[in-house]
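These protein sequence lines are chains A and B, in that order. With numbering that gives the first Met the number 0 applied, the first sequence corresponds to residues 0 to 223, in that order. With numbering that gives the first Met the number 0 applied, the second sequence corresponds to residues 0 to 263, in that order.
In case anyone wonders, no lab produced these hints; they're calculated from the structure. Please read these numbers as outputs of a predicted model, since none were measured by experiment. We treat Cβ as the ideally placed atom computed from N, Cα and C, and that holds for glycine. Just so you know, not all the hints are guaranteed correct.
Now the in silico label distances, taken between C-beta atoms and shown as ranges [to be verified]:
1. P228/B <-> P101/A: 33 to 41 angstroms
2. R152/A <-> R247/B: 54 to 62 angstroms
3. A53/B <-> R114/A: 37 to 45 angstroms
4. D250/B <-> V181/A: 21 to 29 angstroms
5. R111/A <-> P208/B: 47 to 55 angstroms
6. A96/A <-> L81/B: 32 to 40 angstroms
7. H23/A <-> L180/B: 48 to 56 angstroms
8. P71/A <-> A67/B: 37 to 45 angstroms
9. P208/B <-> A110/A: 44 to 52 angstroms
10. L211/A <-> G170/B: 42 to 50 angstroms
11. G39/A <-> A174/B: 54 to 62 angstroms
12. A36/A <-> A67/B: 39 to 47 angstroms
13. A223/B <-> L100/A: 29 to 37 angstroms
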Amino acid sequence: MSRDPRLRLALGLAALALVAAVPHPGPALAVAAVALASVGARGGRLGRLVLAPVLLGAVTASAAALAPRAAPDATARGLLVAARVLAGGAVGAWLCATLPLPALLCALAWARCPRPLVELLALAARQAASLSAAAASVRDAQRARLGYAGLGRAIDSAGQLAGAVTSRAMDRAAALADTVAVRGEPPVDALPPLAAGAAGGAALVSAIAIALVACALFGGGRPW
Amino acid sequence: MPQGCRPAGAEIARWDPDIRTVSRRAAPALAAAALAWPASARAMHLADGVLPPAQAVLWFCACAPFVAAAFAAWRRAGDDRLARPLIATAAALVLALSSVEIPLPLGTSAHACGVGLAAILLGARRAILAALAAVVLQAFLLGHGGVTAIGADLASMGIAGALAAHAAFRGLRAARLPLALAAAASALAASVATYALASLQLALALSAPGAFRTTLLGVAATYAPAELPMAALEAAATAAAVAFLARRRPDLAADLGLAPAGGP
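The shape of chain A in the complex, shown without the other chains:
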């Protein structure tokens, strides 16, 4: 599998489009099997990925069967929902495992994703990392002082935690603004460049075209 993030993103999106569009569970289950094998999911993680779709499928089938005019294809409907959700979850897990943030931002920028969104994602991810550390330190201090013993104290502590983190976040926002002003470059410009003429071009266009054609052919074919 190519390491080109553009290709990975395009393949993931194409797989998701296909899974959503094809009105039979077979292709979705095949996509799920490939994605789960690529991720190497097993044990508890595999169980979590499988259990929720099974539940959703069962509820969907039950809702169809219990309807005033019971749908004759309730089981098929439930199976289709379960297969789609399982495949969607598996492809999502594959995207998470193979597209770290810098690669994702590069791919989104290349895909002409609106520049404000790419800038915002870069800034937000940076802030999230520092905020989580700040929140952890405040929470540890609160725990040490039994701040979460009892519901009332826990709510009060949670509010103080949110307030303290918000306060620190504002300070960090000011510091970040100073940094950006001094360095004189929006973060998105600092992304590593993608290899020119990489594998991606034709494969990428093909993947997107396949997904679009699948949606056009099958998307409206059988409402569920």
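On the provided structure of chain A, position chain B as indicated by the hints.
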């Protein structure tokens, strides 16, 4: 139209006694069946594959005007040195708060939204941007919510939540309600709006023809026991957070328009 045929959805709109009876019987049954499966779930956000393609596209389209307005606000914020980092920080807050999941049946989970706090601090448009960033990062990096469901998730958590919180906070402050109380009510409004729209989305996606009401009741009955206490807890925490800011950082509270420079 041939005799005996009704337009699509007519049976949903009509409230006939048969449907009511079956719904009453079926909704608790569905809820009980769902609660019997303690599934470890990925998200209150909808997962990939839950939405039919047409509905996924519809939710993306419904979000487009709001996102365009929010992007315009982002571009205008270029003149304000602090605005963009503040929005990014709000996005990080929403990301952190909404990533702490409590598993629920139906392949979902309850979590705080954080959008209410963001809307109180920054206003609706900037809160929508923050929610957009949070939802995208969660979908691609954490597997929390689906990529194809970003539109639906943004509509429920970002747009409905932010608009409800912003409108409630402005209205309640104009009515001279105390800051903490207004913040709590706004956060509660955001959570309820989010959960209501998310339930509607899930019911629309899963219901068979003629079974929309039954499915909606089942979904709502499953969500409510976990989501409403969660909403109340988030409201209390939001009130405490805003009160903390006003008490400890009056300068910041004044800058954000939460309170006059003299105090809350």
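Checking against the hints above, which ones are violated? 2, 3, 5 and 9
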